[in-house]
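Fit chain B to the known structure of chain A by using the hints.
Sequence order for the protein chains is A and B. Under this note's numbering, the letters of the first sequence match residues 2 to 357, in that order. Under this note's numbering, the letters of the second sequence match residues 2 to 357, in that order.
Don't read these hints as lab results, they were simulated from the structure. C-beta: ideal position from N, C-alpha, C; glycine also. Among these hints, one or two may not hold up.
Which chain A residues face chain B? A few, computed with CB under 7 angstroms, are given here [said to hold, decoys possible]:
no. : residue
1   : L35
2   : A106
3   : G119
4   : Y121
5   : H177
6   : Y203
7   : F333
8   : L335
2 protein chains.
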Amino acid sequence: MEVEIKNKTKSRKEETEKTKKKEKNNISELRQDLVTGDWVVIAVGRAKRPEEFAQLERAEATDKDDIENCFFCEPEKTGQEKDVLIYKTSQKDWTLRVFPNKYPAFSRGKVPQSLEEGPYFAMTGTGYHELIVTRDHYKHLALMDVVGVAEVFDAFQDRYLALMNRKSVNFISIFHNHGKEAGASIAHPHSQLMAIPVISPYIKLELDGSESYYRSNKQCVFCVMSEYESEAKKRIVYENDQFVAFCPFSSRAAFEVWVMPKKHSPYFERITQDEKMKLAEVFQKALYSIYKALNNPSYNFYIHTAPCDGKDYPHFHWHIEILPRTATWAGFELETGIEISVIQPEVAADFLKKQI
Amino acid sequence: MEVEIKNKTKSRKEETEKTKKKEKNNISELRQDLVTGDWVVIAVGRAKRPEEFAQLERAEATDKDDIENCFFCEPEKTGQEKDVLIYKTSQKDWTLRVFPNKYPAFSRGKVPQSLEEGPYFAMTGTGYHELIVTRDHYKHLALMDVVGVAEVFDAFQDRYLALMNRKSVNFISIFHNHGKEAGASIAHPHSQLMAIPVISPYIKLELDGSESYYRSNKQCVFCVMSEYESEAKKRIVYENDQFVAFCPFSSRAAFEVWVMPKKHSPYFERITQDEKMKLAEVFQKALYSIYKALNNPSYNFYIHTAPCDGKDYPHFHWHIEILPRTATWAGFELETGIEISVIQPEVAADFLKKQI
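Bound conformation, chain A alone:
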């Protein structure tokens, strides 16, 4: 369908060339995701100024509400000292620790078991659900130094490598919820890892999209994207020689930022020590720019990396997506999967860049 529309509109290119520039400033845009073919709307008619987004409900509000009884501040409080999987830097002077979630969405078991009912199919939620907790209750990732952020990525990689070959694990999701509106139920900064038996439907869209782009263009779609962004400099938030942070052309939310390695690689878990430091620099700067620009908003970030189901995904390209909770997805978004954003990614990137 997307392709058809593309051709339909392309054939009208000449006649519209004149009015294009004028219209571009007054009318909403339907932007197509280069990878999945999905659509987003940049609704200029409902546009907000970048400054207005800073009046969102603050993540800070939840930061201070439970320091007295915080389960994440001291390992003893969770009653899970013996279950800790990783301590960095050391057990005594820990700066980060990893342990299993006490209330897991996925729990240990050898293989997923079939649970059929009539025409439906289900299986047991077999897998792993772990928490990656940094020490300081108040210092969230945007405020940490590069070494601290690199340590977090280090822990992600350690646990990824430890779990990726387990029998029930075909996909590993690593994500972070910051602030109540982003679904964080505990204020103390923590990331989560879920190792699960099924491939995420959204990753599947990106896998299929990048494979089909490769077949047509003999190029990785993410490489095309990061090279174009570095060159065009319209949506760059920050970059160094190995990583680039930019607001995607078809952003699903205002101030969305993607952090992408410039070198092609499908697999986050193969990142080197040197790359990790470079990633930490770009990632922390991107997060800090959002923190400053939107006055500590709620946000989620997550790593999109290839599945670990034993297959190769040479056309995929891992990256991190940071999604500030700047919008409430309503009926239209939930029905259609087309998100409406009220700021142009170019304007958002420009505003973010100024904060660094």
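Chain B only, in chain A's frame:
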């Protein structure tokens, strides 16, 4: 991928038969969407009792905040009297009116115009964005009588038929946001219609899923679903001879309800007068059960119907999805597209049924 996993687990069926029943009560379930192949998690380990959901932020809170200056109470206040497209029952004693959104996400224009940039593709957001407003500021759909609800569906159908053949329109989205958490910025009850040039990605998933199910099983997947639900009676909320309301097996949120015609039809706009009354009865009862059970929660509902792009979709089956905002989708859901629900749909349906 989904099919592969299905086979993998199916072959282990015999050995697991014994432990199945016991495990089913203690461990999360990964349920597969019969249509799209997507997954949801029913996280029993994090389960809440149905009564706990009634403590969500109330939609009521916003109901009373702007009656004095409500733009939707009287046509004069919008300054759009001359733009009104439909008055029901009459202009003077109107019970419902339809008019263009003053701040449209999609705006009128003959054909979408191409807006390319480097490797990216976009087009102008050409289309129609209309509001369907019922008269009483306080009486939302769950509290209306069947005749009032049927009138709303009547207006949906009228506008659908008026717009479906316009040049720039390939898909029509009809939806309703109730309460602040569901994205309603105006408290006065109103539905929205957006007629747009592109096919919604979520509808595309359902179109593809239902087509592929038809090819394998020579049956409509939605017919299979509604017949099974009516027979099994495990997830029924309410039904009459023509429509059924049930909590879907792979619910994406607690207390999600689908309302589906029992007779196969891809196209909502072909509904008859008699069917409309039957639909209104089942739909109003379903909505009322959610209103009572969760103490007037925020919710969205929307119609999933076949595109109007001139093609036939004989394997599709229109239906309405009601999604109470019982959960905050966090990093995991946003990353993977796998939703975590904390109540079994069977328990939710049972609780809803008792409210009617």
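The hints, checked one at a time:
The closest approach between the C-beta of L35(A) and any C-beta of chain B is roughly 6 angstroms, which is under the 7 angstroms cut-off, so the hint is satisfied. Interface hint status for A106(A): upheld, as the beta-carbon distance to the closest one in chain B is roughly 5 angstroms, under 7 angstroms. With its C-beta approaching chain B no nearer than about 5 angstroms, G119(A) sits inside the 7 angstroms limit, and its interface hint holds. A distance limit of 7 angstroms between C-beta atoms decides the matter here; for Y121(A) the minimum to chain B is near 5 angstroms, and the interface restraint holds.
Nearest Cβ of chain B to the Cβ of H177(A): about 6 angstroms, under the 7 angstroms cut. The hint holds. About 4 angstroms separates the beta-carbon of Y203(A) from the nearest beta-carbon of chain B, less than 7 angstroms, and the hint is met. Hint status for F333(A): holds, given a least beta-carbon distance of 6 angstroms to chain B, under 7 angstroms. The beta carbon of L335(A) comes within 5 angstroms of a beta carbon in chain B, closer than 7 angstroms, and the hint placing it at the interface holds.
Consistency note: the structure conflicts with none of the earlier hints.
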